[in-house]
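*Asks:* Protein chains in written order, with the numbering used here: chain A, 1 to 300; chain B, 301 to 559.
No lab work stands behind these hints: they were computed from the structure. Where hints are given, some of them may not hold.
Calculated pairs, DSS-like style, for lysine-lysine (alpha carbon to alpha carbon, straight line, at most 27 Å) [what the hints assert, rightly or not]: (1) B:Lys370 <-> B:Lys310; (2) A:Lys165 <-> A:Lys204; (3) A:Lys123 <-> B:Lys525; (4) A:Lys165 <-> B:Lys525; (5) A:Lys60 <-> A:Lys123; (6) A:Lys123 <-> A:Lys204; (7) A:Lys219 <-> A:Lys204; (8) B:Lys466 <-> B:Lys525; (9) B:Lys370 <-> A:Lys123.
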Amino acid sequence: MAIVNLQNVTYKYPLTHMPVLQNISLQINEGEFVAVVGPNGAGKSTLCYTLAGFVPHFFKGEISGSVEVAGMESSQSTLDAWVMNVGLAFQNPFNQISGAKYTVFEELAFGLENIGVPRDEMKARVTNAMDLTGISDLANRSPYSLSGGQQQRVALASILVMQPKVLVLDEPTSQMDPIGTREVFGVIRKMAEQGMTVILVEHKVEWIAQFADRVIALKDGQLLLDGTPSEVLTSPILEESGFGISRYTAVARKAHGLGLWKTDRLPVTLEEAAEGFSFTPSPSLRSASQSPQGKGERRP
Amino acid sequence: MHERLSFFVKRDSPIHRLNPMTKVVLALSLVLIAFSSPWYWTPQAIFLLAIIPLTFIARVVKEYWSFFLKVILATVSFLFIMQSLFLPGESRIIFEIFGLEVTELSAQLALRNATRIAVMISSFTILLLTTHPSELMSDLTRRGLPGQFAYVIISSLQIIPQMQAKAQTIISAQRARGLDTQSSFFRRVGAIVPLVGPLVFGSLVEVEERAIAIEARGFTSTRAKTSLHEIPDPSSERVIRWILIALVLVSITLKLWLS
């Protein structure tokens, strides 16, 4: 069953002329993990805001088409009802800390206080979310004294306590170092394993390939590609659109040209690359290396 | 770490355990009685018999007196000197300076006014020393203070130090590119311009993001809010509050009646 259903959505921010989203139609099933990729300015963040209800309720502007998430129609609902179903986390962990609370435990409870959850249930939900995100040992620390990766997990946890049906993540690891990235992806993986519908905007294609069921590529506000990670992430169309491909795909494509890559399926991650790589030089390679062109390409 | 804007000192004392509202009412009553009482010695008596014992009961003696010496004493002394010089008083002249007379009456009035101010600053200092800001705000919200208002107060206590840190980072970054922040006054004023842009525009972007973040957590939800911490409000404290309010009314009535 589709939990997200966009029909011909076109959206323009106030005071702008060009629509940021153009005629986007998209269905996402319950429990699906969808990654969204695309070059800068493709409308990825705007798509996130649309799914999370901030377009048009917070940003105003002109929207046409229909946005339906978890059985609610955007034009017929209010933002405070919408956020009960859809959780949103974004890049900068620092800006997602409410600033009204002095400990991580209180920070997580902030959202539950706002929606009037009884105290006992609140404590249980906060404890649970801290376990899930691995921040139990930070419960009494100030949210401002944490590292970026820890803060981002606090931000994720404070969305998870709200128990959304759909989780929208807008480049949650773009400001993280490799350790922070791994911590945050660990949490996202758990969410996906629990069957939550996750929509993730991300540039780190190697991570996407490991997690996502499906990848959507956007360009200039339009849907460019929609398919499995290996289809989309290795597509020449994606590369032409200005979005980089993984280094493993790039290497494998070269190897394929030289006849070193047997299958037509190109890898995205290191593991896939190691599996697909063939060490025995094929006859075509031998002839390629003997040809003058092949020799000329070699460097001393 | 950055300087904290909150005065709160975590201690275990009877005053700390009081409901925040009781402390607010206590602080306000002490101030109102000090200002409205018709008797000359009331503010002095409040200072000696209420404020000083309270600092002991609340176990904030060290913190209070360090604040007293740093801030209250200077303010109050300045006030006392200016008032005794400028308040008119037709009585015996104690001494004259620059053609200004300090008379017995003006000195008396100045002492009373200075003590009133001391009582006012002190009682709120004790309130802030013994009450956690978020506890105060969540209690006030429970009593009908708009949540947005409470959020502005509480978040600025934490976010302003963060912004100061950010301003410092911007200054260091610009200085590393040759910005002069230490020479003559006019040069320094000129130097502010390139600092303001990043700070102001950066903050505006931050405010928008923070608004989205708290909105995503149901900030403007129309449901009745709950709170994580239970703030006890026993009926005995309600009685204390009504007694304090009655005392204030008595003091104001006497003032109006006797004058």
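*Asks:* Can you confirm whether the C-alpha distance between Lys466 of chain B and Lys525 of chain B stays at or below 27 Å?
*Replies:* The given pair, whose Cα atoms are some 33 Å apart, is violated under the 27 Å limit.
*Asks:* Are the Cα positions of Lys165 of chain A and Lys525 of chain B separated by 27 Å at most?
*Replies:* 22 Å, holds
*Asks:* Would the pair Lys123 of chain A and Lys525 of chain B pass a check requiring their Cα atoms to be no farther apart than 27 Å?
*Replies:* 15 Å, holds
*Asks:* Within 27 Å, alpha carbon to alpha carbon, are Lys165 of chain A and Lys204 of chain A?
*Replies:* Holds, because 25 Å separates the two Cα atoms, which is no more than 27 Å.
*Asks:* Would the hint linking Lys370 of chain B and Lys310 of chain B be met if the CA-CA limit is 27 Å?
*Replies:* Judged against 27 Å, a Cα distance of about 21 Å means the pair holds.
*Asks:* Would the pair Lys219 of chain A and Lys204 of chain A pass a check requiring their Cα atoms to be no farther apart than 27 Å?
*Replies:* 17 Å, holds
*Asks:* When you check the alpha-carbon spacing of Lys370 of chain B and Lys123 of chain A, does it fall within 27 Å?
*Replies:* 42 Å, violated
*Asks:* Measure nothing beyond the straight line between the CA atoms of Lys60 of chain A and Lys123 of chain A; if it is 27 Å or shorter, mark the hint as holding.
*Replies:* 36 Å, violated
*Asks:* Please work out if Lys123 of chain A and Lys204 of chain A have their alpha carbons no farther apart than 27 Å.
*Replies:* 35 Å, violated
Checked against the numbered hints above, the structure breaks hints 5, 6, 8 and 9 and satisfies the rest.
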